[in-house]
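Can you make the complete structure from the sequences, with help from the hints?
For reference, the chains in residue letters:
Protein chains: 2
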Amino acid sequence: MISWSNFRPVGNEEEYLIDALSSGWVSGGSYVSKLHEALESVFTESKAYAVSNGTSALQLAFQTLGAKIDDEVIVPSFCFQAATNVALQLGLRPIFCDVDRNTWNQSVETIERAVTTNTKGIVVVHNYGVAAPVKAICDWAHARDLWVIEDCAEAWFSKHEGLYVGQYGDIATFSMHATKTIACGEGGVVLVNKESLVERASLLRSHGIARTDKHHYHVVPGNNYRLSNLLCAVAFAQFEKRAEILKKQIDNSALFAEILGDHWAIDCQKGLGEIGEDSIWATAVRIKFDKLSVSRDVLIEMLAACDIEVRPGFYSVSTLPYVAAETISDANIADSLAENIVVLPTNPSVSENQVREICHELIRLIEANRKNG
Amino acid sequence: MISWSNFRPVGNEEEYLIDALSSGWVSGGSYVSKLHEALESVFTESKAYAVSNGTSALQLAFQTLGAKIDDEVIVPSFCFQAATNVALQLGLRPIFCDVDRNTWNQSVETIERAVTTNTKGIVVVHNYGVAAPVKAICDWAHARDLWVIEDCAEAWFSKHEGLYVGQYGDIATFSMHATKTIACGEGGVVLVNKESLVERASLLRSHGIARTDKHHYHVVPGNNYRLSNLLCAVAFAQFEKRAEILKKQIDNSALFAEILGDHWAIDCQKGLGEIGEDSIWATAVRIKFDKLSVSRDVLIEMLAACDIEVRPGFYSVSTLPYVAAETISDANIADSLAENIVVLPTNPSVSENQVREICHELIRLIEANRKNG
Chain Z
1 MISWSNFRPV GNEEEYLIDA LSSGWVSGGS YVSKLHEALE SVFTESKAYA VSNGTSALQL
61 AFQTLGAKID DEVIVPSFCF QAATNVALQL GLRPIFCDVD RNTWNQSVET IERAVTTNTK
121 GIVVVHNYGV AAPVKAICDW AHARDLWVIE DCAEAWFSKH EGLYVGQYGD IATFSMHATK
181 TIACGEGGVV LVNKESLVER ASLLRSHGIA RTDKHHYHVV PGNNYRLSNL LCAVAFAQFE
241 KRAEILKKQI DNSALFAEIL GDHWAIDCQK GLGEIGEDSI WATAVRIKFD KLSVSRDVLI
301 EMLAACDIEV RPGFYSVSTL PYVAAETISD ANIADSLAEN IVVLPTNPSV SENQVREICH
361 ELIRLIEANR KNG
Chain W
1 MISWSNFRPV GNEEEYLIDA LSSGWVSGGS YVSKLHEALE SVFTESKAYA VSNGTSALQL
61 AFQTLGAKID DEVIVPSFCF QAATNVALQL GLRPIFCDVD RNTWNQSVET IERAVTTNTK
121 GIVVVHNYGV AAPVKAICDW AHARDLWVIE DCAEAWFSKH EGLYVGQYGD IATFSMHATK
181 TIACGEGGVV LVNKESLVER ASLLRSHGIA RTDKHHYHVV PGNNYRLSNL LCAVAFAQFE
241 KRAEILKKQI DNSALFAEIL GDHWAIDCQK GLGEIGEDSI WATAVRIKFD KLSVSRDVLI
301 EMLAACDIEV RPGFYSVSTL PYVAAETISD ANIADSLAEN IVVLPTNPSV SENQVREICH
361 ELIRLIEANR KNG
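So the sequences go chain by chain: Z and W.
Under the working numbering, the first residue of the first sequence is numbered 1, with each subsequent residue one higher.
Under the working numbering, the first residue of the second sequence is numbered 1, with each subsequent residue one higher.
Derived by calculation from the structure, the hints in this document are not laboratory data.
There may be inaccurate statements among the hints.
Stated by the list, open to error - According to the in silico footprint, chain Z covers these stretches of chain W (three or more CB under 8 Å from chain Z): (1) 51–63; (2) 74–83; (3) 88–98; (4) 222–228; (5) 318–326; (6) 353–366.
It should be emphasised that the depicted structure is a prediction, and the values quoted were computed from it without experimental measurement.
Glycine included, C-beta positions come from ideal geometry on N, C-alpha and C.
Structure follows, in C-alpha cells:
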C-alpha cells in the first residue's frame, strides 16, 4: 500500500526521546528550548512556542490577539476548519469567504467581500502547502486595523515573496501531527511576530502564570497549551532533518505537477510563485468528474484496490451542519472544488517510482471511465 | 535536594515509548487503546479518553456538557484555578464558593450558598488528593438538575464511599503532568460517566469528526484534545505500576500526618474517611504564622537552605486580578488558608527517612522562630 501518510523517524528521534525520558524532564525541559531556538533560527523575526497541537495553536492565537465574544473573524470556505471550530468554541463569529479558483486559497478580493464593520481579523489558511497571497492580505488587513493569523499547518517552509509563510501574520500557527512535514505525533507551533503580543502569548500558554514570579498565581486566565519535552525531542530531531524531508516532498509534488499538469481531466492547484517555492505537503488535484462515469468515492476505492491510498478534499463550509447560512459570505468556488478534489500521497516516504505509479493508475482509471460522447 | 516533584520511569516506560515510536503510530495507536482499556478496568462504569492535559480535559468536559456563554458554574475559591480559567475562556461565568475549614474542599453547604437560578453545574476539586464529599454533592446537584464535573487532577485513586473519586461526577478529569501520580509529561484523562455524553465527548475530542464516516467532515465544532500514542505509552507504563506508586505516596502522607498531626503550630488537611483512603498527592499543612516571627516565604527559603523544596499553597481567588468581586460568593476560609499553607514533598521518590528529615527541619524552624510571649 502506498500510504497517504507515513511517519518514520528520520534522524535522532529515538536518541533524543530516551535522553528526554531519562532526564526526568518530561513536561518542560531542554528539548522545548532547543526546538524553540531551532524554530527561531529559521523564523528569525519570530518568537516561537511549541504547543499541544495545531488547533490549540489557533486557540492560543485568537486569545493572544484578544478576540472577544461576537467578534467577526474571516475564514476560508474551503480548508480544514480548525480555526472555525475553535472560533465557535470561543464565542467568536466566523464569516466565510470564498477561495480563488486557481490557488484554492483566499485572496484580498475574496476577503474584501466578507468584511463588515464587525470584522476584527482574518485567518489565512495555506491549503495543502500552497502559499496564499498573505503579503497582500496583511497589507490590506493592517491598513484597516485588522489582525491576521496564518494557519500554516499544511505549509511548513513554503516560501512567499522572499519569506516563509508564517512570517507575515501577527501570529502564525503550525501543526506537528503525525501526517505533517515536521511531525511528533500531536504537537503544534505558534510564531508570534509582534513584540507586543509575546508576553501575553507566553502567559496564556501556561495557565496565565508568570513562572519567574509567584507559584500558582494566575495573572490572566490562561490555559495549558504546552508541549511535552518528550514530543519536543521528536520534533527537534525532525527539524534537524528538514532539508532532507523537504527535498523529497518538493520533488514528489513537482513530479506530480509535471505528469498530471496537462491532462484534460485534471486541474492542479496553482502556486503563486515558481515551482518549488511552495513546499506542497499534499498534492491535491481537481478531477473533472462531470466528464467521468464514476464518482469520487468510487475512484478512491478503485485506487485503493491498486494499493494507493488517496483522500478526498475538504468539505465546503456550506455542507457543515452547524454553520449558519448567513455567516457564509461566499462559497461558490469552495463548493465546486470540495466535491471534485482528490489528494495524492506526497509524503517523503513515497518514492519517485511510486509517484509515477500513482499517476499511471490515476490516468488509467480516468481514461477507462471517461463518459461516452 | 529533596524535590517537591521528581518524575522517574518506574516500569516499562522506555520500552513502550520506543515501541510506539518505531511503530510509526505516533498520533493514534495501540497505546492509546491500551491506556483507555486500563483506565476502564479500574473505573469500571466509565468511558475513558486520554487527552492533551488536565486543563484541556476540563475544556472538553464543559463542552461535552453543553455549557454555554453566560452559564454559571460553581468552582471553589481555593484550588488550582484551571476550571475557572477555561470557563472564562469559553464565556461561562464562574461563581466561587468557599471551602470547608477542615477538608479545604467544597461541601454541599458551601455550594448551596453560591447557587443561583442561573447555575448550570458544579466543578468539584479534590484538593491535594483529599476527597471532597462528592457523593453528597452529586446527590444534591442531580436533584436540582445541575451537572457535576470532578477535577481529580490531584486525586488519582483516592477513595470515597466505596468508589474512586472520578466515579461520581457526570464527567471527571485527571492530569498526567510530570508532577502527578500517573505522569507522562503533558497529558490528561476524561472519564465520561453518563452514557448519553459518550458520543459527544468522543466527537469534540477530535475535531468533531466521526472517524468511521467521511474524511474531514465535521459533525460538531470540535477541538483537538487527543494525546499522542507516545505519551500514552509512558502513561500506560505508569498505570501498570500504580500500586507501587500509590503505596509510597500513601505511606509518605500517613507518616507526615503521624509526625505533624499534633503539633501546636500545624494543622493538617483532614480527610473524610480513614487514613489511606485518600491517596494524598501532596501533603499540605497550615502553619500558624501568626504565632511565628517569620513569614511563609522566609520559612520556605529556610527549608530550601536545608535542601528541602517546599511550595506555597494556592492563592485564594480573591487575590486574582481578573476575578470580579461580585462573582465571589464566599472566600473567607479560602483567604485564611491561602496565606498559611505550605506543601511538602510527598512524591514516591521521597524516602521514609526523608519524610522524617522534612518533619524534623520544619518543626525545628517553627520552634526556633516562635514569637516571644
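Evaluation of the provided hints:
no. : hint    : verdict
1   : 51–63   : holds (count 7)
2   : 74–83   : holds (count 3)
3   : 88–98   : holds (count 4)
4   : 222–228 : holds (count 6)
5   : 318–326 : holds (count 4)
6   : 353–366 : violated (count 0)
Hint check: a violation occurs at hint 6 only; the rest are consistent with the structure.
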